[in-house]
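Chains as they are written, first to last, in numbering that gives the first Met the number 0: chain A, 0 to 310; chain B, 0 to 277.
Keep in mind that a hint or two might mislead.
As the list claims (entries may be wrong) - Cut-off 16 Å, straight-line C-alpha distance, at most; resulting in silico cross-link-like pairs (EDC-like, lysine to aspartate or glutamate):
id	chain 1	residue 1	chain 2	residue 2
1	B	K65	B	E240
2	B	K186	B	E171
3	B	K104	A	D19
4	B	K66	B	E240
5	A	K145	B	D42
6	B	K223	B	D139
To be verified - Some but not every residue of chain A turned toward chain B, in silico, with C-beta under 10 Å:
id	residue
7	D19
8	A26
9	T41
10	A48
11	M51
12	L104
13	I112
14	F118
15	V127
16	A135
17	S142
18	K145
19	Q151
20	W181
21	A193
22	A213
As the list claims (entries may be wrong) - Here are some chain B residues the structure puts well away from chain A; computed CB gaps all over 10 Å:
id	residue
23	Q39
24	F51
25	I82
26	L169
27	P190
I should point out that these hints are in silico values taken from the structure, not numbers from a laboratory.
Glycine included, C-beta positions come from ideal geometry on N, C-alpha and C.
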Amino acid sequence: MSQQVQAAESAALLSRKKRDRRRTLVAYSFIAPNFIGFAVFTLGPIVMAFIMAFTDWDGNNAMNFIGLANFRDIFSDDRFLSALKNTLVYSVFTVPFTLIIALGLAMLLNRPIRGRNFFRTVVFFPYVASLVAVAAVWNMIFSPAKGSIANQFLVNILHMEASKWAAAPSTVMLTIIMFSIWKNMGYYMVIYLAGLQGVNTELYEAASLDGAGAWQKFLHVTLPQLRPTTFFVTIILTINCFKVYDIVYMLAGGSNGVVNKSAIVLVYYIYEEAFRNWKLGKASAASMVLFLIVLAITLIQFRGQSRSENE
Amino acid sequence: MKSKSKNRTAAQVITYALLILLAVIMLVPFVWMISASLKQNKDIFVIPYEWFTSSPRWQNYVDIWKKIPLATFTLNTVKLTLIVTFLQILTSSFAAYAFSKLHFKGRNTLFLCYVATIAVPWQVYMVPQFIFMRRLGLADTHLAIIILQAFSAFGVFMMRQFYQGIPDSLCEAARIDGMSEYGIYLKIMLPLSKPAISTLIIFTFVNTWNDFLGPLIYLTSEKKKTLQLGLKMFISQYSAEYGLIMAASVLSLIPVLIVFLSLQKYFVEGVASSGVKG
Numbered sequence: 000m001s002q003q004v005q006a007a008e009s010a011a012l013l014s015r016k017k018r019d020r021r022r023t024l025v026a027y028s029f030i031a032p033n034f035i036g037f038a039v040f041t042l043g044p045i046v047m048a049f050i051m052a053f054t055d056w057d058g059n060n061a062m063n064f065i066g067l068a069n070f071r072d073i074f075s076d077d078r079f080l081s082a083l084k085n086t087l088v089y090s091v092f093t094v095p096f097t098l099i100i101a102l103g104l105a106m107l108l109n110r111p112i113r114g115r116n117f118f119r120t121v122v123f124f125p126y127v128a129s130l131v132a133v134a135a136v137w138n139m140i141f142s143p144a145k146g147s148i149a150n151q152f153l154v155n156i157l158h159m160e161a162s163k164w165a166a167a168p169s170t171v172m173l174t175i176i177m178f179s180i181w182k183n184m185g186y187y188m189v190i191y192l193a194g195l196q197g198v199n200t201e202l203y204e205a206a207s208l209d210g211a212g213a214w215q216k217f218l219h220v221t222l223p224q225l226r227p228t229t230f231f232v233t234i235i236l237t238i239n240c241f242k243v244y245d246i247v248y249m250l251a252g253g254s255n256g257v258v259n260k261s262a263i264v265l266v267y268y269i270y271e272e273a274f275r276n277w278k279l280g281k282a283s284a285a286s287m288v289l290f291l292i293v294l295a296i297t298l299i300q301f302r303g304q305s306r307s308e309n310e
Numbered sequence: 000m001k002s003k004s005k006n007r008t009a010a011q012v013i014t015y016a017l018l019i020l021l022a023v024i025m026l027v028p029f030v031w032m033i034s035a036s037l038k039q040n041k042d043i044f045v046i047p048y049e050w051f052t053s054s055p056r057w058q059n060y061v062d063i064w065k066k067i068p069l070a071t072f073t074l075n076t077v078k079l080t081l082i083v084t085f086l087q088i089l090t091s092s093f094a095a096y097a098f099s100k101l102h103f104k105g106r107n108t109l110f111l112c113y114v115a116t117i118a119v120p121w122q123v124y125m126v127p128q129f130i131f132m133r134r135l136g137l138a139d140t141h142l143a144i145i146i147l148q149a150f151s152a153f154g155v156f157m158m159r160q161f162y163q164g165i166p167d168s169l170c171e172a173a174r175i176d177g178m179s180e181y182g183i184y185l186k187i188m189l190p191l192s193k194p195a196i197s198t199l200i201i202f203t204f205v206n207t208w209n210d211f212l213g214p215l216i217y218l219t220s221e222k223k224k225t226l227q228l229g230l231k232m233f234i235s236q237y238s239a240e241y242g243l244i245m246a247a248s249v250l251s252l253i254p255v256l257i258v259f260l261s262l263q264k265y266f267v268e269g270v271a272s273s274g275v276k277g
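The task is simple: from the sequences and hints, build the whole structure.
This is the structure in structure tokens:
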């Protein structure tokens, strides 16, 4: 009798094991199509990037570990230091201006006004418009020629001198930053608009009863409630700024695509060292610097998020 | 009471003044693009600028097709965009189903792999990735661009977030009815995830259509180039052909404009939800 029970139990156990294994197999079959591609073409290269930063590999010959030589190399390379500096300058100016304008636009377009959807679309469209096309227009509007629209505006309306814009080392970053703000602010505006939907409106009435003006209401009611959104936008914006490449390539690259020292950025440096000079180790070392910066920002985000969840 | 309504009118006036200024700043480049695309090169920097020329030069829109293989570029881009978008939706929704609704060994570890790589910018590993693809003989092929974009961690992550919101009991009920996991995915989850899929479609479409650095690194022969790359090549080669450059730019924007306007709702919702969830 007890033997029969045992046999039945072990049979049940066996069939459960079998079913579990089948279930796992089914699960793997769901993941496999994506995971195989992901592991081979993303995970593998990420690991390789870490290794290559410490080698002198050129992609063909044997690979030798050379310690920190690549890092010493890039930190004594003028172009790398300029790239680092320009990327920082770009981020320091692009982040706050984009943020403030995006928030302002969201406040403006959250009001019940006629044509609201039209204006939202107009602000958002540059974000999806292809960069090559819009950059081509910008290059012509901000052309160093005296007859360009931007120079006409400077001379005739602001009574200033005509500028060389992207063609002069002193104004090239300014031109790039302005373009970047113009192209991307719609994206962050949409995030802010979503954040505004979660703002508790009862507090407005309480603030009105206390005699608060519109500006005070914004400062003491809206802004504090938008803090998580502002935090998120700052992080995403900063990371995107450090990844900037194509804007610089389009606006500051000469006809041969070479960006000079006044506008070079980190990703351009990586591209140039890898695909023009074939110094893969140096390029990978620069990639690591980029990675560490983005990682630091991401860690700040995690800390900030867990803090706001604890509150 | 009177001063209050006066205040309100003033606020209205300021609001609309700001809105008009905003629309001008946002639209001027596009209006200029169209206006310049209908001009001769010598008229582009004439002072004062003529916004609406009396004799539009439609010939620019004819010449551009002869000057560069614009049709080939467009076809390449359409092909790549469609394949990448299709594969991306298919593989990520498939994987996301397992991560969200199936229990198996190593699920959390695997998913952590995906999440961790989202934080690594593509620019960090684009070099070893290219060397690897070149070893496989995939340099200068469309397949490389497809592989590059089709297995994104972001897609899996996004679809899983959405599936988490669908109650497990729905799947359990179907399992008791004897439906296979593939059946549940196909007949229950997929139809329910239309909003998430639409968002992912738009993101992938716009990203692939507008991608520049990927094709720049991989595609070298002219007949394989994408619209963005071909357009940039044309601009570098004929930097003084302003009218033609603008005509090509206008043409390259039309598909994006159509897709954007017809799916705008999903787009905005997608951006908004990514921001709210963090």
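- Violations among the numbered hints: Every hint satisfied by this model.
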